[in-house]
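K.L.:
Here's the letter readout for the chains.
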Amino acid sequence: MAGAPEAPKSELLKGTLDMLILQTLTVHPLHGYAIAQQIEALSGDVLRVEQGSLYPALERLQKKGWLTSKWGESPTGRRARYYTITAVGRRQLGDEISSFDTVLVAINRVLRRT
Amino acid sequence: MWLLDVLRYRWRVLTRPRAHEQEVAEELEFHVGLEAMQREHAAHGELSAREARFAARRRFGNVTYYQEEARRVSGLAVVDSILQDIRFALRSFRRTPMFTAVTVLTLAVGIGANTAIFSAVDALLLRPLPFREPERLMSVSLSRPAIGERGANDEVAWSYPKFEVFRAAQTIFSDLTLWTGSQFTVRATAEAVRVAGEFTDSHYMPTLGVSPMLGRLFTPAEDTDRRGALVAILSNELWGTLFNADSNVLGRRVDVDGTLYTVIGVMPAGFRGLSGNSTIWMPIPTLNLAWKVMDPWNHNYFAVARLAPGVSSRGAPAIVRDLGARVDAVYPNPIGGTPAGSGDNRRLAVGTTHWSAVARPLDATRVDGRVRQTLLTLLAAVGLVLLIACANVANLFLVRASARHREIAVRLAIGASRARLVRQLLVESTLLSMFGGAASLAIAWVGVKALSSLQPATALRAQNVAGLGIINFSTIQLDFNAFAFAAVIALATGIVFGLVPAIQSTRPSLTAGLKDDAGGRSFAIRGLTSRNVLTVIEIALAVVLLAGSGLMVRSLAHMLGVYPGFDASHVLTLRVNRAPAWSRDSISRFYDVAIERLNRIPGVVDASIADCPPLGGWCSGAPIIFPDRAPVPPGQEHGVGVHWITPNWPSVIHVPLLRGRFFTKSDVVGRQKVALVSEAAARAFWPGEDPIGKPINVGEPDTMYVAGVIGDVRYGSMDQPLRPEVYISYYQRPFSYRMMLFIRTRGDPAAIAGAVRRALREVAPGFPVYDVRSLDTHLRDFTSYERVSSVLLTLFAALALGLATMGTYGVISFAVAQRTREIGVRVALGATSGDVVRLVVGQGVALGAVGAVFGLSAAIVVTRALRSMFFGVEPTDPMTLVSIVGLLALALLAASWIPALRASRIPPVQALRGD
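These protein sequence lines are chains A and B, in that order. Residue 104, in the working numbering, is where the first sequence stops; the numbers in between run on with no holes. Residue 988, in the working numbering, is where the second sequence stops; the numbers in between run on with no holes.
The set of hints was computed from the structure by calculation and includes no laboratory data. Heads up, a few of these hints could be off.
[Unchecked claim] Here are some chain B residues pointing at chain A (derived, C-beta under 7 Å):
id : residue
1  : W75
2  : F103
3  : H104
4  : G134
5  : Y139
6  : A162
Just so it is clear, CB atoms sit at the ideal spot from N, CA and C, and this is done for glycine as well.
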């Protein structure tokens, strides 16, 4: 199962995509398209990634047990897969945010912005 | 919860890969569709549906790429490629059915034989004893120093008084108990049955950690106080036989050898005591004078103890030794001191006459050392067979791989990774070994059935083989352990025999493999060397097995060649138990009546009675005293076997009279007491003298006079020296403790067994008749242990030789195929077909010679270690070694002859044209 690294092909910082996905799901379950829309909307279109890169990430997060998925009906009436964050996923999100914050603070300090 | 989520996801991917893939595709499609719709909507008609869709796709990225990526992340890709490997492997098996069949069969035989022998090892050596915390149970025995002509023995049974001293003094055991097995005639209401049972005490069941299913156990008061009612506990089986499993059995009476016992408990099904066959338990009859229970020198009881909490089984033996010294102080050896040394006896002056006690884990006493050694030897032998089978299969794989070298080279060239190809080949070998493992279960089943039907009671006990009765061959079964063993072995062999050829055949040499022919040859040479090595190993291993089995067969032949001292053909034997109430007078009359009645049966030549069967063990023995000679210090007398017979017994089983006379009907109570002695006794006690008329005392104060000398009969095992024997006539010293009838018949002894039973029921109603067998079977049972070992070893050796022959055949055939062109050139240049045959056979002979040299050297080392298993044959027995070399030469000649003939018929033109 091990092999090539699973880094998403994106301009985002490594691991950031996972964090963003988890963050968008904290309120209520969403399907993949909605997650992509949310990320773009919330970041004010600053963070633009290829939307497709979302899906390998979603598989990876499910494999880790941070998300679960269930098929449901979308508002348009079509079948869509809805993702839910698990308790472990929430804990993980907390950890990632705090370590991200630490990194940000450190980077800023290096760049002498504070 | 988290784990559950993860497992649910993985399970889904693994079990429904297609559905999962479908769903990802659907999801991506949904996403792109939705994006397109949004864009079309937002553009207010300025974008066509087609354009919107393109834009959505651009925004999304490469759909196929992300779909693949999602697949890879989910783990589907790996599952997929393994499934693909399996499908590919199955297809290639179908293309080469011969290869597949040979491989699976070879592995099935190898794994099956191993599983069967492992089942026996598991049941006899490994499985925990069926008691609570069996590792805390210790076997405690007395240890006797060498005294007189008797050697030291550290497995002496206890006497009741000595054990009482031990029990009172010890503190390291939380509980300890005493037991002895015996046979009884038991009757409730219906017909009497002959059963095995145990005398024990109130500590027995608690020490072992078992509780009754019904009723209660013995109370401590019942251990010693016999003035109250006699009580018995029944096994589940006997409860069924005697009382139809009636739950109101408690308080009912059961007649045991004429004494009434009250049933106080029933044990759960499966519990058969430490003897393994007990069906009834009674307190040790301490007040029974005839049993001499309180005689401190009546060593008849086995002790089992449970270690107290905190005492280690390693520390216990030292403490038990000290306790043994206390027992010795209370009951010192009656001879005492050191015997006066003179001549041969001088060595006896050295050493001690102090007894001691020994504790060993009960588990260590579970089987006799010989059984353990035999089982481990057989396990090693089947292990070798499996190794040979693996070598053979690896060889087949190498051959196959080199036949596929072009395919492999092409796949490497177009970008398959080496790891991927190795995995492919490993999947193939593992699949094959799994098939082999599944097929092996059939072979293991047959083997286990055969092993579990061995009669240990007759085959092993006959030779006084020690060990716990509960551990016996009938407990061998094909259980979960055996299945697990087969699965592990199959998997391991699959990987082992698959890995080497896989790595070797995928060694990257891109151009060589693609180049039509030259590459094939260079590849083949490398493959050929490792194939040669494998073949030499196979041959060497086969030689080791052949040597072991050859020696075992020779031992058996020697054993069968030992004349037992009697003519076993056409003799029916059976045991009759005494009627307890009979007086001495009525016993004498019974002999007459029974013999007269049996002799009236058509087909009976003559019937006779003796107390103890030849080769059966457990015969009586006593020190012999010569009243006409100077007295020998007590304890240093010669021991002799003592046998009771009817006058016609020697003539019934054809024991020859050498001097003097047989007993006659007039040698009765009141007349001068006479005895017959065996030839060995005559030689040992009256060398160069005529023993006739000499006085002897055997166990009783009355002096007897030797009336005749008869031929030696083997009572002990075949490899023991003959013991001097003394025979006494039933008519002069009536004795009814045990009787064995020997009936010479005209035809098949088994045919008249029914008539004999009926006749005995007439003259002795209610007597249990049991153990009805021909003397032939008795004799056969006695060598059954050697027989089974040599049959199994021979079987394994034959398998090994067969496999090695097959391996050699394969290698040489392959070499011939590889050297077709070379052979063609030779023939074109004038080599005759004889030259070609010599060339090819020479290769087989070379392989065989190298293998035989290694094998014989190894065999000599191995068989030396197993010397104790052989009888009358040295590990370097030239006859055995020469014959196995001959056998090997024949097999290998045959194996190389066929390819040689094929090579000699190669038309040179075809050979030169190549493929």
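K.L.:
Compare the structure with each hint and give your call.
P.N.:
Tested hints:
no.	hint	in the structure
1	W75	holds (4 Å)
2	F103	holds (6 Å)
3	H104	holds (5 Å)
4	G134	holds (3 Å)
5	Y139	holds (3 Å)
6	A162	violated (21 Å)
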